[in-house]
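Chains as they are written, first to last, in our numbering: chain G, 83 to 158; chain R, 83 to 158; chain A, 76 to 219; chain F, 76 to 219.
Hints should not be assumed to be uniformly reliable.
Derived pair list, reagent style DSS-like, types lysine-lysine, alpha-carbon separation capped at 25 Å [what the hints assert, rightly or not]: (1) A/Lys181 to F/Lys203; (2) F/Lys203 to F/Lys149; (3) G/Lys117 to G/Lys134; (4) A/Lys103 to F/Lys203; (5) A/Lys181 to F/Lys149; (6) F/Lys181 to A/Lys181; (7) G/Lys134 to F/Lys149; (8) F/Lys181 to A/Lys149; (9) A/Lys103 to A/Lys181; (10) F/Lys103 to A/Lys203.
Hints in this document: simulated from the structure, not taken from any laboratory.
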Amino acid sequence: MTINVRFFASLRERIGHATLTVEADGIASARDVWKAVSGESPDEEMLVAINKEYAGLDRAVADGDEVAFFPPVTGG
Amino acid sequence: MTINVRFFASLRERIGHATLTVEADGIASARDVWKAVSGESPDEEMLVAINKEYAGLDRAVADGDEVAFFPPVTGG
Amino acid sequence: MTVEIREHPFDPWQAVSEYRSTRLASGKSGASAVFVGTMRDFNEGDEVQAMVLEHYPGMTEQQLEDMRSEAVSKHGLEDALVVHRVGIVHPGDDIVLVAAFSAHRKEALAACREMMETLKSTAPFWKKETLAEGERWVERNTPG
Amino acid sequence: MTVEIREHPFDPWQAVSEYRSTRLASGKSGASAVFVGTMRDFNEGDEVQAMVLEHYPGMTEQQLEDMRSEAVSKHGLEDALVVHRVGIVHPGDDIVLVAAFSAHRKEALAACREMMETLKSTAPFWKKETLAEGERWVERNTPG
Chain G
83 MTINVRFFAS LRERIGHATL TVEADGIASA RDVWKAVSGE SPDEEMLVAI NKEYAGLDRA
143 VADGDEVAFF PPVTGG
Chain R
83 MTINVRFFAS LRERIGHATL TVEADGIASA RDVWKAVSGE SPDEEMLVAI NKEYAGLDRA
143 VADGDEVAFF PPVTGG
Chain A
76 MTVEIREHPF DPWQAVSEYR STRLASGKSG ASAVFVGTMR DFNEGDEVQA MVLEHYPGMT
136 EQQLEDMRSE AVSKHGLEDA LVVHRVGIVH PGDDIVLVAA FSAHRKEALA ACREMMETLK
196 STAPFWKKET LAEGERWVER NTPG
Chain F
76 MTVEIREHPF DPWQAVSEYR STRLASGKSG ASAVFVGTMR DFNEGDEVQA MVLEHYPGMT
136 EQQLEDMRSE AVSKHGLEDA LVVHRVGIVH PGDDIVLVAA FSAHRKEALA ACREMMETLK
196 STAPFWKKET LAEGERWVER NTPG
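Extracted from the complex, chain G is given alone in its bound form (with noise of 0.2 Å):
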């Protein structure tokens, strides 16, 4: 399975990369994701897109998503 992972703001600059793929087989969901790029558990502030559309981090991913992971948004 083929996850698109983006990243951004301070976590772009945490994981020190924009974009990743993530290539792996036992990744269920976008928490499972995160784990895969990071090593950590999420932090409770995180979000997370599935495909540009807000979502959990339970959210079930497929092969070819893109999973992005950013912190809260400070726009406008």
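Take the given structure of chain G and dock chains R, A and F to it, following the hints.
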């Protein structure tokens, strides 16, 4: 006692004057001024200003005051 | 002058833009909340061709100035601007501009809304509409 | 286009004025409620020299468009316009414009405020400030 009376909008048209001068004794309040110029009791919605500030119908008037009568405001 | 009565058509967006660039310190007001009221070509189901806006010279300016000062002081605004047309207006003409400038959006938005409610309920202006069948006074403003 | 992401400085007042004259039917929208957010030269007690505004291309536009459509439909607006800057901005630069156009003021004012709250809490934008001592991410928006 001399009172300078002003009328606006539909009250101006009803009275037929934009300004009137009332010279009479026995006028104590804005209500008395309205009775003197119209011969009628004031209607509930009528607004009153004395010297360009909102006032109640029973507010006292003094020699030289400007007393204005007008309908509900409709600006904006 | 932060309260103005205008007898001729004005461009409210240009007025706000000019006011900001000439009267406000750059970089202080993070939030500008603006309301512009424009004459519509219909009211209460009828087509309106024109309108006369009457006011009470002296009292109207004082009411608007009091309203502006109270909003600035209550909400800690940087500044506020109020412009209102009088005289003969036509559909599409802008009638009123209320602008609140503040460091933060909450205060600017609340002050803008409150000034509009105060203006609608207390500022001495009266509208007389010209319809195809004649003229009529607008009897009251709708609540906000 | 009623949702725009701009990479260069823009004049929000000119944008509203042009939008009204080119996109809205004259005489229909009696009420225009507009909020403009501008970069300040201070934040949380510190002087800010510049800022980088990052967004999520594709998702940001979709979020803004959903927000705009919901506001139009909920409040029965004639139209609504949303413009947001990205990239490097400086104090005094305008960052966001939200405009709601309606027949009546109540709906325009409510829609403008609600769109700003939605934008602040859900639109994927992030600010990084440049201070004299270095850079820092803005961690969260203040509630409205």
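Any hints from earlier that this structure breaks? Give me their numbers in increasing order, please.
-> 2
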